[in-house]
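Chemist: The residues making up each chain are set out below.
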Amino acid sequence: MRPWSLRLRVGLFFIALGVAVPVVVMGVLFAAWTLWGDSLAQGDAGPLLLAGAAASFVLVALVAGVWLLFDVNVAESLQRLANDAETALYANPDHWIDPRPGRHLGRLPEVLRAAVKALAEARRDTAQKIAEATGAVEQTRARLATLLNELEEGVVMCTLDHRILLYNRAALRLMQRGDGELGLGRSLFGFLNRQPFFHGLERLSNRLHDGRHRDHPDGLALILVCATVDGRTLLRGRMNLVTDDAEAPTAYLLTLHDATEDLEALGRRDHLLDRATNGLRRPLAALAVAAWILDNRDPPPEVRRRFARILAERVDELCRMVEDNAAAYSALLEGHWPLADIWSANLLDGVVRRLRDRDAVDAVMVGLPCWLHGDNTLLVELLDHLIGRLRDRGVDLSAQDDGEPRVTLEARPENSRVTLEVVWPGEPVPYTALESWLEVPLEGAPGGITGRDVLMHHKTDLWSQAAAGGRACLRMPLPQGVKKRTPRPALPPRPEFFDFNLPDTGARLGDCPLRVLSYISFDTETTGLQPSAGDRIVSLAGVRIVNGRVLTGESFSRLVDPGIPIPRRASRIHGITDDMVSGKPALADILPRFHAFARDAVLIAHNAAFDMKFLALEEKSSGLVFGNPVLDTLLLSVWLHDHESEHGLDAVAARFGVPLAGRHTAMGDALVTAAVFLRMIDLLEARGVTTLDQAIAAGNRMVAVRRQQEKF
Amino acid sequence: MPASVLVVDDDPDLLASLDFVLSDAGYAVSTAADGAAALRAVGLAPPDLMLLDVMVSRRDGYDVCQTLRAHPDPTVRRLPVLMLSARARREEREKGLALGADDYLAKPFKVDDLLQRVARLAGGGGA
Numbered sequence: 003m004r005p006w007s008l009r010l011r012v013g014l015f016f017i018a019l020g021v022a023v024p025v026v027v028m029g030v031l032f033a034a035w036t037l038w039g040d041s042l043a044q045g046d047a048g049p050l051l052l053a054g055a056a057a058s059f060v061l062v063a064l065v066a067g068v069w070l071l072f073d074v075n076v077a078e079s080l081q082r083l084a085n086d087a088e089t090a091l092y093a094n095p096d097h098w099i100d101p102r103p104g105r106h107l108g109r110l111p112e113v114l115r116a117a118v119k120a121l122a123e124a125r126r127d128t129a130q131k132i133a134e135a136t137g138a139v140e141q142t143r144a145r146l147a148t149l150l151n152e153l154e155e156g157v158v159m160c161t162l163d164h165r166i167l168l169y170n171r172a173a174l175r176l177m178q179r180g181d182g183e184l185g186l187g188r189s190l191f192g193f194l195n196r197q198p199f200f201h202g203l204e205r206l207s208n209r210l211h212d213g214r215h216r217d218h219p220d221g222l223a224l225i226l227v228c229a230t231v232d233g234r235t236l237l238r239g240r241m242n243l244v245t246d247d248a249e250a251p252t253a254y255l256l257t258l259h260d261a262t263e264d265l266e267a268l269g270r271r272d273h274l275l276d277r278a279t280n281g282l283r284r285p286l287a288a289l290a291v292a293a294w295i296l297d298n299r300d301p302p303p304e305v306r307r308r309f310a311r312i313l314a315e316r317v318d319e320l321c322r323m324v325e326d327n328a329a330a331y332s333a334l335l336e337g338h339w340p341l342a343d344i345w346s347a348n349l350l351d352g353v354v355r356r357l358r359d360r361d362a363v364d365a366v367m368v369g370l371p372c373w374l375h376g377d378n379t380l381l382v383e384l385l386d387h388l389i390g391r392l393r394d395r396g397v398d399l400s401a402q403d404d405g406e407p408r409v410t411l412e413a414r415p416e417n418s419r420v421t422l423e424v425v426w427p428g429e430p431v432p433y434t435a436l437e438s439w440l441e442v443p444l445e446g447a448p449g450g451i452t453g454r455d456v457l458m459h460h461k462t463d464l465w466s467q468a469a470a471g472g473r474a475c476l477r478m479p480l481p482q483g484v485k486k487r488t489p490r491p492a493l494p495p496r497p498e499f500f501d502f503n504l505p506d507t508g509a510r511l512g513d514c515p516l517r518v519l520s521y522i523s524f525d526t527e528t529t530g531l532q533p534s535a536g537d538r539i540v541s542l543a544g545v546r547i548v549n550g551r552v553l554t555g556e557s558f559s560r561l562v563d564p565g566i567p568i569p570r571r572a573s574r575i576h577g578i579t580d581d582m583v584s585g586k587p588a589l590a591d592i593l594p595r596f597h598a599f600a601r602d603a604v605l606i607a608h609n610a611a612f613d614m615k616f617l618a619l620e621e622k623s624s625g626l627v628f629g630n631p632v633l634d635t636l637l638l639s640v641w642l643h644d645h646e647s648e649h650g651l652d653a654v655a656a657r658f659g660v661p662l663a664g665r666h667t668a669m670g671d672a673l674v675t676a677a678v679f680l681r682m683i684d685l686l687e688a689r690g691v692t693t694l695d696q697a698i699a700a701g702n703r704m705v706a707v708r709r710q711q712e713k714f
Numbered sequence: 015m016p017a018s019v020l021v022v023d024d025d026p027d028l029l030a031s032l033d034f035v036l037s038d039a040g041y042a043v044s045t046a047a048d049g050a051a052a053l054r055a056v057g058l059a060p061p062d063l064m065l066l067d068v069m070v071s072r073r074d075g076y077d078v079c080q081t082l083r084a085h086p087d088p089t090v091r092r093l094p095v096l097m098l099s100a101r102a103r104r105e106e107r108e109k110g111l112a113l114g115a116d117d118y119l120a121k122p123f124k125v126d127d128l129l130q131r132v133a134r135l136a137g138g139g140g141a
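If you read the sequences in order, they're chains A and B. For any residue, its number in our numbering is found by taking its place in the first sequence, counting from 1, and adding 2. For any residue, its number in our numbering is found by taking its place in the second sequence, counting from 1, and adding 14.
I should point out that these hints are in silico values taken from the structure, not numbers from a laboratory. Hints are supplied without guarantee of correctness; some may be wrong.
Claimed, not checked - Using C-beta positions, here's what the derived DEER-type ranges look like:
1. B:Arg104 / A:Ile225: 18 to 28 Å
2. B:Arg91 / A:Leu335: 49 to 59 Å
3. A:Leu275 / B:Arg91: 35 to 45 Å
4. A:Arg395 / B:Arg104: 44 to 54 Å
5. B:Arg91 / A:Glu325: 29 to 39 Å
6. A:Arg234 / B:Pro86: 52 to 62 Å
7. B:Arg104 / A:Leu149: 27 to 37 Å
8. B:Arg104 / A:Val627: 51 to 61 Å
9. A:Val442 / B:Arg104: 34 to 44 Å
10. A:Glu325 / B:Arg104: 29 to 39 Å
11. A:Thr142 / B:Arg104: 54 to 64 Å
12. B:Arg104 / A:Arg270: 19 to 29 Å
The model shown is predicted, which means the values in this text are computed figures rather than measured ones. We put the beta carbon where it would ideally sit given N, CA and C, even for glycine.
For reference, chain B alone in the conformation it holds in the complex (with noise of 0.2 Å):
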């Protein structure tokens, strides 16, 4: 059974390219365009990590991250998140953590570096 991974970003090509990347590692991908429509997807089936970029449109990253982490059901509780981001100041990526990533990558991003983060975060990585 492969791990599977929530991808979060309003941006389409982003979107896709990771959706073929994290595919061709192994990974069961899903994807959502906005962060009200990961949350339902998170409460449909949670996923083993979620790629969440910040600047997502009805209801941003922070927000997501911190309803997560409030959420009754400790499996989406303790679920993990890898905050993507076009902001890279040492605050910016403080201010991630503290809401609840479990990790921070700052756009543009190498894709060995995000894959071995995946691997790390899924729990053993795909197939």
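Same shape as in the complex, but just chain A (with noise of 0.2 Å):
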């Protein structure tokens, strides 16, 4: 059967009212009248006034049972109502909307759920379709990001006021070098000095204002030499200034390489020359002047035996200042020139083929092929140049009836050094004959290199000497290959790095939209609730919020030895033990390295105030002050829903439809809470709390929830 209409219910209710009340009074009129008729009729007042009294509670009561009732069904119900909606309708639309209390509200809770139904089914078709259209779009960020990824070169995208848009895996390891973590909306000089940046960007802004771009031959480019904030590396790349289609300028694109080893050597190199022009012409102006006195004057014997000592003196001199620069040069030969790890079998490959295809050289690799570490190209170059000298003296190297093979290249390891040798039937080569082949430049290397400067780049040098069977052979050792590979930064498989709208937050932070801003959110581990008490931090994690996306590609995760034993009963909650701590780092530590990635965020915690106080008691021995702006998940998710009465982390991710996982861990819990938060916003935008002021004085005045937890 059908319950009745809530109008129907509620006439029918004040009928009862309207009925009660003449019952009542008429009920206490006639009980009096009953009872003390006779003192009535003799005019006593008494017992009307006791009857009026008693009729009166009777209504008050009636009126009180009224009013309960309507508290309990209506008003709150209604209440209730309101906030499930409101949950469903701007942050969780699965939010279930719990008909029991609307029991006596007729149809309005079903209604209600129907229409958030159809609302949520909606935005998921919406949602649905967006993401059909943004597939393709999708794909080619995909492909995009992976193209970022495997360029050699660091390619950073920054907004005007250098905050940084987009990084990819090379600039990660380009720049971590410096304080911080690098992330996206962190400003580029965290990690770079700045002042390359403003000269660059100012000369870029200028060429365009003056349109000077469109005949300049880099455009809107130039050249840039700026070091890490540690001063320990030198970047050399490409700054170009990114425009729209109004040639108003946007954004500033950086290509950036490791320079460090180039610069150096190119200042070693300028020094050399210096030493080797300017540096010589002291000593050879007192000697100049010397020897001429000696050719064209006769000065008495005492004199020149004087001039005699000057000049002996200023050419010893000039020998030790040769010598020091020959060693000065060949340093700078050898450090500088790139090696490579190379497999035996593809360089002996290379020579004999071209011997066989060219020459009709009879040559065969043996041996087990091996790493060895150099340059393919110059070292291909050396031996078909070694090669075609020896034929050059007269040795046959043409095949033979024998079958026997007339040269054998063989790369074999010895020594902790790889020797490449060269095994032909005859005599050694001599010393000076061999001399002269290295002083001669090789044929297809760059830039005029000699066989002897081939030897310097790989640090070694070559020798002939007699084999076995009447054959002889040219040794060179060559350094081993290294095979080991610098591990990459690891980036998660799909790395939020990068993000084109970057919101413009010059604003003070209280008014900024709590859209715009970047937020670290974050938790702690501990040995106990008590840190006044003594308890302290075991893990620490943070993951960066940025406009309104988790980029769980910047986060911070980190065990802390806290320096006492972690109770079995804590244990018990986190999972982390003694075992896993020891021999990790201490707070005082991890948290310079937390404060530089939390550098410029607002802090989000679940029950922040717990987790400051562990931070704050570091303060004062650290020195590291963590004055960033702070917002509770747990006062936040107090103030929008006050009705209830569960405000832990569990239950108010359950409420906002955020799904539980590594639950009772930092990082788990930093990622709760940051999904948690990005669903409140829309909520909170709601009821009016948009800025970052307004979202912290509505935490602040749930100040009986923080009273509780001052308990900590």
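Two independent chains are provided; combine them into the complex using the hints.
Modeler: Right under this line is the structure:
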């Protein structure tokens, strides 16, 4: 049977009330008349007053009862429904609207649920359509991501106020040596020195403004040299100004590579050139004058002796300088030449093919291949050159009838080096002949490089000696292949390493809309609940939120040695034991990195007072003050859902439809908190809380809960 | 009366050689091993020409040259200076001339070239 309608029930209720009032009044008056009729007849007003009081009492009780029923079944139910509807509408479309409180409100809960369900479906539908429409874009995006990350050059794009919009893996490797963690929305100057960028941007802006970029050979680009903030790495690259269709600058793009070695070598080369030219001027000046005197004048013997001595000393000095310069030059050549790991089979095969095809030399590769370290092109050219000179000396290297190969080439590991050996039938090459072969520029090598240069680049030498069976050989030891690859910095499988929609946050932080701010959602796991009684942090993790996205690729997660045993009851909660933290750094060592990671961001935590207390305890010893604004998802939850009694992270996450993963790990909780906060933003805005200041004020109003937290 | 030349250089061998060459050419030669000593010598008796090395200690050649050009005594202010230097780039030569040198000679130099320049600057040369 269909329940009575809300109107009918309210109508019947008030009819009952209308009937009850005269019934009570008449009943009381009748009772008074029956009991005290005589007294009333004698004009005694006492019973009448008593009856009035009794009637009033019953009526007041009746009204109170009616109010109570209305409050519980109508007012409170309406409020709960409104809250539920709001949560479903703004934060979690799947939020369950509890029908029980509204069971006296007729069809209202049912209609509301249908409306919310329809809305949720409509949203899902829209989201799916958007997803389909953006599928192609996503694919392009994924390709771009792969491309960027495979580039050897660091690529960084920045806003005109130098905040990072995009970076790739190589940039991470180049710039991470600075203080702090590279991340979207962060200032470039946390990692690189600022002056070159101010200067470069100004030059490019002027070029654009004056219209000179149209004729300029570099357009809107310039070469840039900069250093990491720690000064350890010099980077060289290009800065490109990015403009929109109307030629207004919107951002700039940097391509960077590590130029420390290049520039240092260049500096050393300049210094050496200066020494080899200008450095000789001073000793030569006195030498030239003294020589002129001896040559053109005829000084007395004692004066002559003096000038002869000057001559001898200056010649000595010049010889020393030439030796020093030669040593510096050779160090420069050795140190600078880029060598790579080579598979000897590839190297020797290249030589063998060339000799066979071009010169009909009967050469074969023997022995087991191995890794060596060198310049493939130069080594092929050198071996080719040397074997060519052997033929010039009259050694017959063409194939013979006996089927025995005339020339064998082998790479053999020996004493932590790899010796290249060329063996042929005949006599060893005399030293002087070999030396003269090495002085000639190699035909296919760049820049007139000689055999001697190749040996110097490989820090080695070459000699010829007799080999078994009437044969002779050339031997050249080379560095072994390292085969040790530096591990690439890890990026998550779908890195969030660009965001072209970074909002303008020029306004005062407190006035900034919640949507545009950068946040660090963080959490700690501890040895207990009382920092003031000696409890310590055992794990600290945070993740960055930029432009409404949780950037899992920009996270911070460390285990911390608390310096005290972890109680078993704490380990049961977070799973971190003494063994796991042994050998890990102390909080004092980790905190500076976390401080740098959190710089410029708003901190978010669930029950933030608890975590902040632990951080504050370190302030004195570390000198690091976390002055960041702090938002507490627990306080915000209390403010948003004051009708709910549960505000633990589990309950709040469930209410906002955030799936739980890795609960009670610092990183897991930080991620859940981040997701909860992002869902809260819509709801907060619907309640008129749009800026950071307003959100902080809303949280602060929940003082009762705060007091509860202060027990920690 | 031979023209007087003050030679300023911190290389004692070059100082001795130039002393011999210029004396031999008939100049009255005095020497100073650093900038401060040179200025003191000029204060006592201004020579007709100063051969000034740039890289001398205790007030370098540029400093000495500028001090001379700002001197209250017009004889000292106009004292001809031939700057000698192991720095030979065009911009370094320009700098020396801009700071008050009358001529600039890069080391090493030919003695005949030096004697020609000295003769021109010291007004006629030695006896």
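Chemist: Now tell me, hint by hint, if it's right for this structure.
Modeler: Hint check results:
The beta-carbon spacing between B:Arg104 and A:Ile225, approximately 25 Å, falls within the hinted interval of 18 to 28 Å. Checking the proposed 49 to 59 Å range against B:Arg91 and A:Leu335 shows it holds: the Cβ atoms sit about 53 Å from each other. The beta-carbon spacing between A:Leu275 and B:Arg91, approximately 39 Å, falls within the hinted interval of 35 to 45 Å. Checked against the hint of 44 to 54 Å, the C-beta distance between A:Arg395 and B:Arg104 comes to roughly 51 Å, which is consistent with it.
Checking the proposed 29 to 39 Å range against B:Arg91 and A:Glu325 shows it is violated: the Cβ atoms sit about 47 Å from each other. Our hint of 52 to 62 Å for A:Arg234 and B:Pro86 holds, since their Cβ atoms are close to 53 Å apart. For B:Arg104 and A:Leu149, the hinted distance range of 27 to 37 Å is not satisfied, since their beta carbons lie about 48 Å from each other. Between B:Arg104 and A:Val627 the C-beta distance comes to about 56 Å, which sits within the given range of 51 to 61 Å.
Remark: the range hint 34 to 44 Å for A:Val442 to B:Arg104 is upheld by a beta-carbon distance near 37 Å. Checked against the hint of 29 to 39 Å, the pair A:Glu325 and B:Arg104 passes, with Cβ atoms roughly 31 Å apart. Separated by about 55 Å at the C-beta atoms, A:Thr142 and B:Arg104 satisfy the suggested range of 54 to 64 Å. Here the CB-CB span from B:Arg104 to A:Arg270 is close to 25 Å, well matched to the stated 19 to 29 Å.
Consistency with the previously given hints fails for numbers 5, 7, ordered from lowest to highest.
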